[in-house]
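Protein chains: 6
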Amino acid sequence: MNVTIKISGHILFPSLDSQYDLSGYVDLVRRLKADGYGVYLVVGGGEPARYYIKTARRYGADESTCDQIGITVACLNAKLMAAALGDIACPFIPTNFDDLDRAIATGKVVILGGLQPGQSTNAVAGVLAERSRSDLLVNTTTVDGVYTNDPRKDPSARRFSEITTEELAKVLDNAGTKAGEYALLDPVALKIIKRSKITTKIIDGRDPMNVLSAIRGDAIGTTIVP
Amino acid sequence: MNVTIKISGHILFPSLDSQYDLSGYVDLVRRLKADGYGVYLVVGGGEPARYYIKTARRYGADESTCDQIGITVACLNAKLMAAALGDIACPFIPTNFDDLDRAIATGKVVILGGLQPGQSTNAVAGVLAERSRSDLLVNTTTVDGVYTNDPRKDPSARRFSEITTEELAKVLDNAGTKAGEYALLDPVALKIIKRSKITTKIIDGRDPMNVLSAIRGDAIGTTIVP
Amino acid sequence: MNVTIKISGHILFPSLDSQYDLSGYVDLVRRLKADGYGVYLVVGGGEPARYYIKTARRYGADESTCDQIGITVACLNAKLMAAALGDIACPFIPTNFDDLDRAIATGKVVILGGLQPGQSTNAVAGVLAERSRSDLLVNTTTVDGVYTNDPRKDPSARRFSEITTEELAKVLDNAGTKAGEYALLDPVALKIIKRSKITTKIIDGRDPMNVLSAIRGDAIGTTIVP
Amino acid sequence: MNVTIKISGHILFPSLDSQYDLSGYVDLVRRLKADGYGVYLVVGGGEPARYYIKTARRYGADESTCDQIGITVACLNAKLMAAALGDIACPFIPTNFDDLDRAIATGKVVILGGLQPGQSTNAVAGVLAERSRSDLLVNTTTVDGVYTNDPRKDPSARRFSEITTEELAKVLDNAGTKAGEYALLDPVALKIIKRSKITTKIIDGRDPMNVLSAIRGDAIGTTIVP
Amino acid sequence: MNVTIKISGHILFPSLDSQYDLSGYVDLVRRLKADGYGVYLVVGGGEPARYYIKTARRYGADESTCDQIGITVACLNAKLMAAALGDIACPFIPTNFDDLDRAIATGKVVILGGLQPGQSTNAVAGVLAERSRSDLLVNTTTVDGVYTNDPRKDPSARRFSEITTEELAKVLDNAGTKAGEYALLDPVALKIIKRSKITTKIIDGRDPMNVLSAIRGDAIGTTIVP
Amino acid sequence: MNVTIKISGHILFPSLDSQYDLSGYVDLVRRLKADGYGVYLVVGGGEPARYYIKTARRYGADESTCDQIGITVACLNAKLMAAALGDIACPFIPTNFDDLDRAIATGKVVILGGLQPGQSTNAVAGVLAERSRSDLLVNTTTVDGVYTNDPRKDPSARRFSEITTEELAKVLDNAGTKAGEYALLDPVALKIIKRSKITTKIIDGRDPMNVLSAIRGDAIGTTIVP
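In order, the protein sequence lines correspond to chains A, B, C, D, E and F.
Start counting the first sequence at 687; every next residue gets the next number (the working numbering).
Start counting the second sequence at 687; every next residue gets the next number (the working numbering).
Start counting the third sequence at 687; every next residue gets the next number (the working numbering).
Start counting the fourth sequence at 687; every next residue gets the next number (the working numbering).
Start counting the fifth sequence at 687; every next residue gets the next number (the working numbering).
Start counting the sixth sequence at 687; every next residue gets the next number (the working numbering).
To be clear, the hints were calculated from the coordinates, so they are not data collected in a lab.
Wrong hints could be hidden among the right ones.
Chain copies aren't distinguished; within one or between two, either way the pair holds.
Said to hold, decoys possible - List time: in silico DMTMM-like cross-link candidates among lysine to aspartate or glutamate, alpha-carbon distance up to 20 Å:
1. 794 with 733
2. 740 with 707
3. 794 with 713
4. 856 with 872
5. 794 with 904
6. 719 with 893
7. 883 with 852
8. 839 with 890
9. 740 with 703
One chain only, chain A, in its complex shape:
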């Protein structure tokens, strides 16, 4: 069984001056690999990416270049994860689709940062899940699933245990102008999940063991029914 895991940059790289702690996810991936899973990772850019992008924007960079800088940071984070995983990881970080094919052909844990400007890491995770023929896409965030409303603002917000892509599109729409703050999944990522019918789980990834629970089929987070 193949599984694609999108690790939010805000989980592994939450600030500029904290000590980055990769050990939980390193242990998780080693355990999955030892259990025979094919493991594919997308690692976000986190706070360093946001900081570099902010600086680039201050000096007048166009938005695509800002994206590209963010992708470079995410690839750097991916490289760091590859180094931490050692021999079980594909040592190079693909930056285009042809290279992704080469990486998958190694049979190792493939780690992506991002591919091209204008594509979210969620969309990249969807594409990776498709190309690696993953049976499950686990999308980690800092909340424990999809809610009827932003749980930080509305105490009556209720978590979905299952949701269809259509329902999720509506929930994300209602989040309206605050898209930037609450964007669990962008429309492209949703479209990819829908077209490929890949079961997707949105979980709180701050504890890597939640990913293990999600893969084992425990009732955790929100499952997007394709």
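For chain A, the structure is supplied; the task is to place chains B, C, D, E and F on it using the hints.
The following block gives chains B, C, D, E and F in isolation, referenced to the frame of chain A:
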């Protein structure tokens, strides 16, 4: 002044067995170049792309691979356009963002087919407009602008002369389940237009002279006010 | 045992509007792979390549660019075949010799479209046979071997069961000015076959089972004795 | 006249949480370019590189991989500088020598981060100065030249206004085991300067105007006489 | 006016231990460039290539790998020529067709060694002449043109001042089994010359001034009438 | 156990006109591979590299370009070795670090020539030893170890059986101005050995069996204690 033009694949490559007629757009680009414009093109895959994708899907290809095959056809079409333009065109078709930078550095007409799976040619056009610092993005389709409703079905549908990105998002939403048939712009393309504040015109591109009118500022098609 | 098979583009992609049928060759390759053969394929551009080249020429493209466009179509066809073969195929299509080495190192079915302008797909097949250390090169066409004369014009034409490279060169020479219509093998391909002493069989590939017969050593088509 | 400037990462990127200030160097490069200089930059990795390397090492990465991670950060910094310089900068950051040739051929400001593990940014600056046929290599640090001894420890330390590569080698040798802390130039960089006879100035780069003074021939810092 | 010159490896690199003398061709190219010509060169592998190939063959390398080794030597020779030409030469040596397009876009003297196994340097010269839209292809050898027979063996052999591609094909055919020793042009090169209708002159290139004469239209060597 | 072997170019390619004899090292590597060792090779440029560099310098090439030419020759030599080793060798010669990762991932004998200008083959060997996680680095020369003084000049010179990196640095320093003639290891290579704590043996490689002895732990040559 720099201008990015997205030429719908359905305009230049409408079917498998027709004789492809590039001459109108070749003349247009030569004229724009002679007038001192920086010209950047995105060429879609058209019917050949749809046909190859359909075949790949029949043999069980995953959706990302189908996308990649469609991109290859679009790049082939771009190569054909580059050949037809001759010396004024950048002779290689970039397939990643680094390569795009190399192409822009030649100072010639840069032509893209597509970049990576999961990205529409409209999104690619947005990214190209950003990176080339275009002042205008002309998006050609086979209708003459954005309507309140699908004009082929609702005779009372009214064309917008101007529309904001927010209004356009709502119009596209209402098109609802028929997204595939009436998708003038996908959400990512919209987001790129919005973030970069690039004036975008949606026009009927079956007559290339309409592009000239749009660039000259004539009242034609629908202008998206960023 | 390694075998290189050149599949004529006119067999798989005979026209623009037909439904491309890859299933016979997909089954053949799966069977060969299951039987322990190393399988290497060259797929031609067929009718789509001819059509794109004709269009490029109409717009004044130089012949090398026309070649390059034809190669791109052949690579697209190769990509389609790779998608249809799924996991047993090397997922990327090499476009240069260094990349070919990388593809061979994956141990999977390697599929080429073409490499560089000025090289026929037959020459590419010869080079691939050499580099993959193939014991046999099967060259499929739409006739069932090499004849003393064009069998479509001369009813008394006799099929060779075996022919030396020298004899074949003479037969091809006699075909004279109509080289374009009856060019089973160009001189470079012949030279490669000769220098590498790779047994080559020219067979009617419209029925993929003929390839199996040729590999098994049945008396079929014409064998070029190096 | 061509000039290569090595900007210490510790000057532009001194810590993780400071606001990176590129404006002084951006102004300097624009001015030099406007005055007709060919400008070539090497930008170091600074504190972010040190932090990422420290993290990689904590997770057991080999030293070459650590180098590679540091180079990626330096290339990221170079990309940021390219974005800040806008149109006068070569938009892609070369990561190998062939690519460097392509970048130089654009006629724009070429910015390097680093090339390969085991090579200091000083050595890269030397190689860039050679390849760009620079007449002057300006090496910025956080002290104002080469001293007879570490000026932070020995008040009687005297600054050289000129020094030969042989004398400099001896001074660096005497710095002995503390090489890491006071390594103005590593032996490879020295060797490159010597072999190419490129006049090199070591100056305090915290004020970018010092670079201008050095280029104009003012008595500033230490000049290495090749 | 653009001109492609194929410099035989045996002229510039005639043996392993001689001092290679590039100065005549360096002067020629500088002069042509100063006179406003676009200049494109193909440099052969000469004796070092033959020696390396012989060694590779002794250790059991397949013929395509031998070709590839020969191409690497020819590219090395091309790199040497680029270094000798300095700033007027494109500093990188293209090894595939996409790269050739990038090189041509620099507007400098483009120098090729070879592209892919199975292609002679003469065929490469033909392709380069096409792609660079050269008006003339000068093919240098160590004899002063095409003869009715091998002039070293038949004193009555007569030099053609003009010859058609068809006639040339016959002359080369008659040379028969000794093709290796007297192969002025292989069939692929002939085909390229024919299809592109590029005027081609075969001259004695041991004196580089003969190339200048050929370009100026003097009666020298043999002109292939396309 | 993994082992990196640096084969001096002067051992395999000692002159221009000698017959290169690779058989001893081919046998050695096959034997090591059969015994289960991971084998990584760096092959120097030898006399052909020196000759090409000398020619380039005569025509005014900058030193980095000379380095690059030398690296190309070393890569050619590496390619020849790969061809001689056949299927057990990685068929492509990496020229950058990303490519090295791809080569290591094949699990075959990886052979490097050189990477970038300004880096000695000894430094490359150090980097390769790190990246391949080699337990031992064998450095072959034409003397049988490190001596207190140049044994060819001082008959009383004594060979070290063990030496620390610090002591070795001093010995190399004393060799002083004649560095070019007696440079067993440059400072960068020393630094890499030191930082990575890789046991390194310097032996007389003219007899390949000495490498086997060194790997088996026999008292041969000089061992650098990291």
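These are the hints, each one checked on the structure:
1. In this assembly of identical chains, the alpha carbons of residue 794 and residue 733 never lie at most 20 Å apart, being 28 Å within a copy and 32 Å across copies at closest.
2. Taking CA atoms no more than 20 Å apart as the test, residue 740 paired with residue 707 passes between copies only; the shortest distance there is 12 Å, against 24 Å inside one copy.
3. With identical chains, the CA atoms of residue 794 and residue 713 are at most 20 Å apart within one copy only, with a shortest distance of 16 Å there and 28 Å across copies.
4. With identical chains, the CA atoms of residue 856 and residue 872 are at most 20 Å apart both within one copy (12 Å) and between copies (16 Å).
5. Taking the shortest Cα distances, residue 794 and residue 904 never come within 20 Å of each other, neither inside one copy (26 Å) nor across copies (37 Å).
6. Taking CA atoms no more than 20 Å apart as the test, residue 719 paired with residue 893 passes inside one copy only; the shortest distance there is 18 Å, against 44 Å between copies.
7. Proximity of residue 883 to residue 852 under the C-alpha cut-off of 20 Å is restricted to the intra-copy arrangement: shortest distance 13 Å within a copy versus 29 Å between copies.
8. Taking identical chains as interchangeable, the C-alpha atoms of residue 839 and residue 890 lie at most 20 Å apart only when both belong to the same chain, with a minimum of 18 Å there against 45 Å between chains.
9. For the identical chains of this complex, residue 740 and residue 703 are neighbours both inside a copy (17 Å) and across copies (13 Å), given an alpha-carbon limit of 20 Å.
When held up to the earlier numbered hints, the structure conflicts with 1 and 5 and fits the remainder.
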